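Which chain is which? The protein sequence lines are B and L, in order. In terms of this note's numbering, the first sequence opens at residue 104 and continues consecutively. In terms of this note's numbering, the second sequence opens at residue 104 and continues consecutively.
Quick caveat, the hints were computed from the structure, so don't treat them as lab data. Note that the structure is predicted; figures quoted are calculated from it, not measured. Take the hints with a grain of salt, since some may be wrong.
A pair counts as met if it fits within one copy or between any two copies, since identical chains are not told apart.
In the DSSO-like style, the derived pairs of lysine-lysine whose C-alpha atoms are separated by at most 27 Å in a straight line are [said to hold, decoys possible]: (1) Lys-402 / Lys-159; (2) Lys-320 / Lys-301; (3) Lys-586 / Lys-335; (4) Lys-402 / Lys-252; (5) Lys-121 / Lys-244.
Number of protein chains: 2
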Amino acid sequence: MGSTDALPSQDLLVVLQKANQIASTTDRDTLLRGMASLLMDFNQAAAFVLLEPRAKPGEMLVSYSQGVELPPQGVQALCAEITADSPRCLHLPGLGARLVCLLPLAQNNPQRGAVALFDAAQPQLVVSDLLVKRLGSELEKLDLIASVKQQTARMEALVNIIEQISSTLDRDTILRRIISYANDLLNTEFSSLFLVEKNGDIQLYLGSNMPEGKDNKITVPSGQGIIGHVVKSGQTVIVDDVSLDHRHYAQADHMGGVTTRSILAVPLKTRALDLGSKRGGVRERIIGGLEAINKIGSKFTQEDARLLQALANQAATILEIAGIYNEANELFLNAISALAAAIDAKDPYTVGHSQRVSEFAVEIGREMSLNAEEIHQLRIGSLLHDIGKIGMPDAILTKPGLLTLQEDAQIRRHPEMGMRILGHIPKLRPALRAVWEHHERLDGSGYPRGLKGEQVCLAGRIVAVADVFDAITSDRPYRTAMKLKDALAELRQQADVRLDARCVEALVRAHANGRIQTQKERRGRVSASTLMPSRPLFP
Amino acid sequence: MGSTDALPSQDLLVVLQKANQIASTTDRDTLLRGMASLLMDFNQAAAFVLLEPRAKPGEMLVSYSQGVELPPQGVQALCAEITADSPRCLHLPGLGARLVCLLPLAQNNPQRGAVALFDAAQPQLVVSDLLVKRLGSELEKLDLIASVKQQTARMEALVNIIEQISSTLDRDTILRRIISYANDLLNTEFSSLFLVEKNGDIQLYLGSNMPEGKDNKITVPSGQGIIGHVVKSGQTVIVDDVSLDHRHYAQADHMGGVTTRSILAVPLKTRALDLGSKRGGVRERIIGGLEAINKIGSKFTQEDARLLQALANQAATILEIAGIYNEANELFLNAISALAAAIDAKDPYTVGHSQRVSEFAVEIGREMSLNAEEIHQLRIGSLLHDIGKIGMPDAILTKPGLLTLQEDAQIRRHPEMGMRILGHIPKLRPALRAVWEHHERLDGSGYPRGLKGEQVCLAGRIVAVADVFDAITSDRPYRTAMKLKDALAELRQQADVRLDARCVEALVRAHANGRIQTQKERRGRVSASTLMPSRPLFP
């Protein structure tokens, strides 16, 4: 180091005590303002400039200044001079005739940046260097604190995101949320979510911030592209410049109408799921991949990768759970639907009846703006409305002529029989009122209990309309099907006497909108839920 | 401040440059070792002691020392002297004749701690004070960095915990994990998880680290205790000293055999769950509460509260999802069980048959160490094994005498009919092979396809044994039930000819262990899945 400054100890101590006080802050701006003033006072300088490195290597920027605004060429000239570890006094052509003291922030590392003091009347290079080195060390600590605090904030954001994703079992909602949250969390230009198809191809499911008007149907052949590598290997990949990575599947850019520069890609890997002692478990598997594309303002970091991987892991597991839940629901609906169809099919005249009544009832419910849970219960109740016929002798069910009084009494027991068969299952109870009450009529002429008006539950009234409509528009052994016009007239005639007028009008609207079809109208259409004796057996 | 030290500037600068170098570390020990050596050299002192406050207010401890081990009374004597902000030289009775320089770490806050230098040959109070103030400021920053880093680490731990909790849909596993993870995350003596009962009482479900031999059946009446408050209000509560909180339900301590000092209690609140457009949603609700008890070494912080609340939120939501999934599964099993029972009940001689065959088949599967998923498929397949009888005329099903050849040919179609009814449901296929093959026999004498030996799937062979066993141990119109001994002998005689010997032996073992009972043995037992015409209807 150069010559000793001619400063008395007492003044030096005061400066150092002030530096101690200034450095006690954890606020970057307060620290810089205080140290700049101290250094300017102490050197009787006109201006203070701090130069620090930024994202791009080798580039420095003015990150703080007092007393001067530097023209770009001045910044460049100063930066070019930050090559030594020791303080120096310079005259730089780019800055006119001004004298500049250049003081590096760190010993042995000019790249860490420097302080420049302008036009110092009393340059105190050695003590100033001491203060600038201290500033450098304090800045490093504050930057560390800021970076760790940001990490915490991002982890907190991740926990919130996981909570959001876990609060739905709707597959599409989960997928949409993954994409939008990945973008927010990582500050990227856009994100893409890919799902593995049955044939191993990888299909773009959804991209965020995609240019409008572009069709998102992009398929990456199995094993190809960066996403193919990620899905195959299960590994996370960071590519800073895709133009240098031979794996990049440039066609996807072309098809998506975007320009990919950098990519962070993680697999969507479900965890091994424990379904409880009665069901065993599901193994872990890779269901797709997630790409964060074009990090804004910097490169992808290992921390970005960890965050996105944690998001992807949890999202994949919730997707798997949603899938399993939806399968369980579907299985139940498919099973009762098939069994109801089998009972209908005992009589050739009622083939497909329960399925049609269910479709009618659901559409009436939709017309009447019932909510999703009510529609769900209505679907179950209407599928099962005739399930009590299991308990009826088939001689009566399939009798070609009119029934005797005794036979009629027996057939009228089917709503109650349905209740007896299924009524002990607590979770079915909301749906079963439709089974019990679908033969009740508003005027009390129905059965089994002869309920009147509002005593009949809404689901019972809806299924009654659907049931009557299907019966009168289908052939029966003792009569042919009514024409549509006559059938609707018949329903309207019964409206507010025996049937609920709102339900009748809802059915009429649903039919007018083409949302329901009578048995005759759908002739030739094959219903998968109808018992089909000619259907091929498995495997 | 006192008199100026008689130190030349040059020496002072060297000391300050060394201090700068030492302070560039972010490691607490390295910083302390360096600053202690610098201060001892500079003052020619024999020893260095750092006193810092610890958890309990007003208490100070030696957190670092060089050159001396202080006796407890020495520490006390020193602590008693840390009252001023300025450095002093002292002789303390508790420390013999030694001269001590006492230098507070912070201006205006003696409670922040102090450095003591022992037996300094050249005490340099003013500059040393400057260095100690710097040490104080550096320590504060390192402590801040450590605390923020710890926050990040805990958030990371929380994300891992959430992943763990989300990877099971088994209610008890979820509940056990919540408890054990809560303890790890918060560093507490133990934790307790409470669930709200139907009557509003709050039942201790599980406690971690509870003293052994204590019965965990502790019930807190609705609205009582701190947990009652939390469950009722949905708010998080921190109590530093439960003896001062009138809400504390001391009886729980008494019953649990533990001593509660501090509590952090959070509600287990499920999120509003979206089940998809077909099912609507489930509202948020409080299902219980989680208590972290007796924080080790410190008080509960707001950060602890946020972490435990995040854990509880996610755990409650996963519990809700697990509940919904299990309900969907149960609903399916209950429905097919009830419908199979209704078909059995068409013939008084086969009432309860499918249920019993299913119980037998599951126990045979267990004896043969099938896994949970295989047992599950076996349960479904055996419940449904006779479902094809829906398609059979009941005149044949209930015919009292022997069947004609034609009638027999028709009844032999029931396995195929079962396939035709349900075979189009992909998720049912694994279970349906048992339906299709339960009348096949190893020697090829069975139907419908006359499969031989290993061609018959294991589930088919198991259900065959279960089916034959129930048939021969039940009365039939044309014969009475065999005695148990004769029935087992009959099965063994058919073993390896028509039936699989391993399945027969598994059934014999299951029966010997009391895990299955024939129809005669269970007489008088009421089966909830049997069609019971006298069961009361709802509501």
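Verification of the hints:
{"no.": "1", "hint": "Lys-402 / Lys-159", "result": "within (9 Å within a copy, 45 Å between copies)"}
{"no.": "2", "hint": "Lys-320 / Lys-301", "result": "within (16 Å within a copy, 50 Å between copies)"}
{"no.": "3", "hint": "Lys-586 / Lys-335", "result": "neither (60 Å within a copy, 60 Å between copies)"}
{"no.": "4", "hint": "Lys-402 / Lys-252", "result": "both (19 Å within a copy, 22 Å between copies)"}
{"no.": "5", "hint": "Lys-121 / Lys-244", "result": "both (19 Å within a copy, 18 Å between copies)"}
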